[in-house]
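Colleague: These are the residues of each chain, in order.
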Amino acid sequence: MSIADTAHATTRPAWLALDKLGVLIALIAAAGAILPFALFRANRIVVGKPKSLLEALPSFPSGLLIGILLVGVVIALLRFPVTAKLAAGFAVLAALMIFIGQSASYLTPEGDTFARVSPGAGFWLLLFAFALLVTDALTRLRFKPLIRIAILVAVIAAIALLLWSGSWNSLSILKEYATRAPAFWAEGRTHLALAFGSVAIATVIGIPVGILCYRVKPLRAGVLNVLNIVQTIPSIALFGLLIAPLAWVAANIPGARDIGISGIGAAPALVALFAYSLLPIVSNTVVGLQSVSPAAIDAAKGMGMTGRQRLFAVELPLAFPVILTGIRIVLVQNIGLATIAALIGGGGFGVFVFQGIGQTAMDLVLLGAVPTVALAFAAAVVLDALVELTSRGSRRP
Amino acid sequence: MKPGNIIRLIVFVTLILFLAKPELFSGFFSLFTKNNQPAIYNQGSLLDITLNHLGIVLAATAASTIIAVGLAIIVTRPFGAEFLPLSRSLANIGQTFPPVAVLALAVPMLGFGTAPTLVALFLYGLLPIFENTLTGLTNLPPAVTDAAKGVGMTGWQRLIKVELPLALPVILAGIRLSVVISLATATIGSTVAARTLGEVIIAGLLSSNTAFVLQGGLIVGVLAVLIYDALSALERYLMARTGQLGRAAA
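These protein sequences, in sequence, are chains A and B. For the first sequence, the residue numbers in this note's numbering are -3 to 393. For the second sequence, the residue numbers in this note's numbering are 15 to 264.
I should point out that these hints are in silico values taken from the structure, not numbers from a laboratory. A quick note: this is a predicted structure, and the numbers were derived from the prediction, not measured. Please note that a few of the clues may not be correct.
[Stated by the list, open to error] As a list, the in silico DSS-like pairs of lysine-lysine whose alpha-carbon atoms are at most 30 Å apart:
id, chain 1, residue 1, chain 2, residue 2
1, A, K16, B, K163
2, A, K16, A, K140
3, A, K213, A, K297
4, B, K16, A, K213
5, A, K16, B, K175
6, B, K35, B, K48
7, B, K35, B, K16
8, B, K163, B, K175
[Claimed, not checked] Ranges of calculated distance between the beta carbons of each label pair, as one might list FRET restraints:
id, chain 1, residue 1, chain 2, residue 2, range
9, B, G125, A, A153, 36 to 44 Å
10, B, L38, A, L148, 50 to 58 Å
11, A, V42, B, A77, 27 to 35 Å
12, B, L29, A, I30, 44 to 52 Å
13, A, N221, B, L29, 14 to 22 Å
14, A, A80, B, K163, 31 to 39 Å
15, A, A292, B, K35, 53 to 61 Å
16, A, A182, B, I80, 40 to 48 Å
17, B, P17, A, I201, 29 to 37 Å
18, B, P17, A, N224, 16 to 24 Å
19, A, N248, B, L124, 42 to 50 Å
20, A, A153, B, P92, 38 to 46 Å
Backbone N, C-alpha and C fix where the C-beta goes; we use that ideal spot for every residue, glycine too.
One chain only, chain A, in its complex shape (with noise of 0.2 Å):
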């Protein structure tokens, strides 16, 4: 830096310079302000019309949220410190959810209940904007694991307390959730039950055919090429493909009907996803294993460890951060992959998503895709934060 730079950095404050991402989102907000906010339509299946900011919420509302977007993207266009944009991005990010459920209770004509109100092209822009800026920040302040979950709760807490104010219950996505609210937590239950079941199998057996490769050389190349093949069927097929023998053991093998065993439903939906969830599994087990280093296994020989002493306080405790990598994998994958069981049968969410293309209802369609979304990405936080947690502890030098 010469001297001329320096000086001038010191006639005015820091803060008061361009942020290169913030001109990004200042951009991303600026054509978001421009799209329409709010889609109203008269029934759940015709083409919407567009309703721009201005037309969306009364004028008091809609002036204070113009007035909140304008502060947020002038601190995100501004080098404010890092905290100060979290907090602004935060504070936008609430608005634009409070300010939404308003919209579509001003848009509804009293006693109408055909008429659907969802959010528009505009709506998602100003939100993916602010989301980047709050991305961004929470990715500066590297914050420990805990917190991390910490702020993850409370955004859940923040969201859970929007539902229950009933503040949303205009939005048409809420509007086809209340008339298939039993539905809609059965198949929430089945899909969790789908994406955790499959993934709490797919650990019990991989760890031990990890440990079994780690062990056995000639085994692991074959083996590692088997489930890698396993991966290259799609999935669609793979479901379709089990339906056969499962109806067949059905069928043929007793007691199995009893335990839920049918070729169609969640027995080959649960059977497909643990198949995609063994490859990640075994091979982080065999590199985690691998990755151990030969002091620490030495070390163990020398206190007179056995091999089974060694494996289950040495090696296994100090390859878990690497195989819990491969468990987050697989479960932020087989959330979302579950919405596939739909097709043959087996629930979850996916059904809301296949109805929803079925009838062109797209409300529909968000109802089984948001929450999969939301679900995804909280395990993949939750996750995230405990592989950090585990290997700070075994890691250290």
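The hints should help you fit chain B onto chain A, whose structure is shown.
Modeller: Relative to chain A, chain B alone:
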């Protein structure tokens, strides 16, 4: 010829034969049908559908390669360094969106058919290529980059003549991952009426004809394995050519 290559050749020839003359295999597939169901997909030529499937995957992967490599180059240059941490987080978050949701939500904007599938495959393809290009460009041997600076190369020359060629095998590994994921994900595109091999599988699911599900799944699986192996071989060749075989065994 190595035994592995002989197997690959046999598999490849069988695949071509099956696509050109599927009737030859009807004996095998009729083992999986009941009640005189057709053994071979009869609502269109398997060859056409396969070529269309490959075309969609190719177009989407080409687009994601250009964008992902471009973005990775930008965030590793000094003027884009501010975006590096954010882009890493975004790549991570992007993976939490299930393909079906992306497809379904692209429909209102793009209509039914190939377009939403292309968009979903493009978005999914970005992540592995971006991650690998970043890894490739940030883990270069310091001796080589220092030497390039020492001989007076400009930033642009270093990028084109030194950094990209050295990172190429790692970038290619990203493209390989992306192609294999896209080949399988493209089948889901048929739920929004894209003409991919998913059509064959879904037809099988709807009429509970296992033969259709099996042939759709087999074609995709075999294509994925063959393309995966071909790209791996190309990577090994490039590694050897740039003298990096010993450097990165992964």
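Colleague: A separate judgement is required for each hint: does it hold in the structure or not?
Modeller: So, going through the hints one by one against the coordinates:
1. Under the criterion of a C-alpha separation no larger than 30 Å, the hint pairing K16 of chain A with K163 of chain B is consistent with the structure, at around 27 Å.
2. For the hint pairing K16 of chain A with K140 of chain A, the CA-to-CA distance comes to about 26 Å; that is within 30 Å, so the pair holds.
3. Taking the CA atoms of K213 of chain A and K297 of chain A, the gap is about 21 Å. The hint holds against a cut of 30 Å.
4. Restraint check for K16 of chain B and K213 of chain A: the C-alpha separation of about 21 Å stays at or below 30 Å, so the hint holds.
5. At most 30 Å may separate the alpha-carbon atoms for a hinted pair to count; K16 of chain A and K175 of chain B meet this at roughly 29 Å.
6. Among the hinted pairs, K35 of chain B with K48 of chain B is consistent with the structure: their alpha-carbon atoms are about 22 Å apart, no more than 30 Å.
7. Of the pairs offered as hints, the one joining K35 of chain B and K16 of chain B holds, with about 28 Å between alpha carbons and a cut-off of 30 Å not exceeded.
8. A threshold of 30 Å between alpha carbons decides the hint, and for K163 of chain B with K175 of chain B the separation of about 12 Å falls inside it, so the pair holds.
9. At about 39 Å, the beta-carbon gap between G125 of chain B and A153 of chain A stays in the expected band of 36 to 44 Å.
10. With their beta carbons about 56 Å apart, L38 of chain B and L148 of chain A fall inside the hinted range of 50 to 58 Å.
11. Take V42 of chain A and A77 of chain B: their Cβ atoms lie about 33 Å apart, and the range 27 to 35 Å holds.
12. Checked against the given bound of 44 to 52 Å, the beta carbons of L29 of chain B and I30 of chain A, roughly 51 Å apart, stay inside it.
13. About 19 Å separates the C-beta atoms of N221 of chain A and L29 of chain B, a value consistent with the hinted range of 14 to 22 Å.
14. A hinted range of 31 to 39 Å holds for the C-beta pair A80 of chain A and K163 of chain B, which are about 38 Å apart.
15. The hint said 53 to 61 Å for the Cβ distance between A292 of chain A and K35 of chain B, and at roughly 59 Å that hint holds.
16. For the pair A182 of chain A and I80 of chain B, the supplied restraint of 40 to 48 Å holds, since their beta-carbon distance comes to about 44 Å.
17. Between P17 of chain B and I201 of chain A the Cβ separation comes to about 30 Å, which falls inside the hinted range of 29 to 37 Å.
18. Taking 16 to 24 Å as the suggested C-beta distance range, the pair P17 of chain B and N224 of chain A conforms, at roughly 18 Å.
19. Here the CB-CB span from N248 of chain A to L124 of chain B is close to 47 Å, well matched to the stated 42 to 50 Å.
20. The supplied range of 38 to 46 Å is met by A153 of chain A and P92 of chain B, whose beta-carbon atoms lie about 41 Å from each other.
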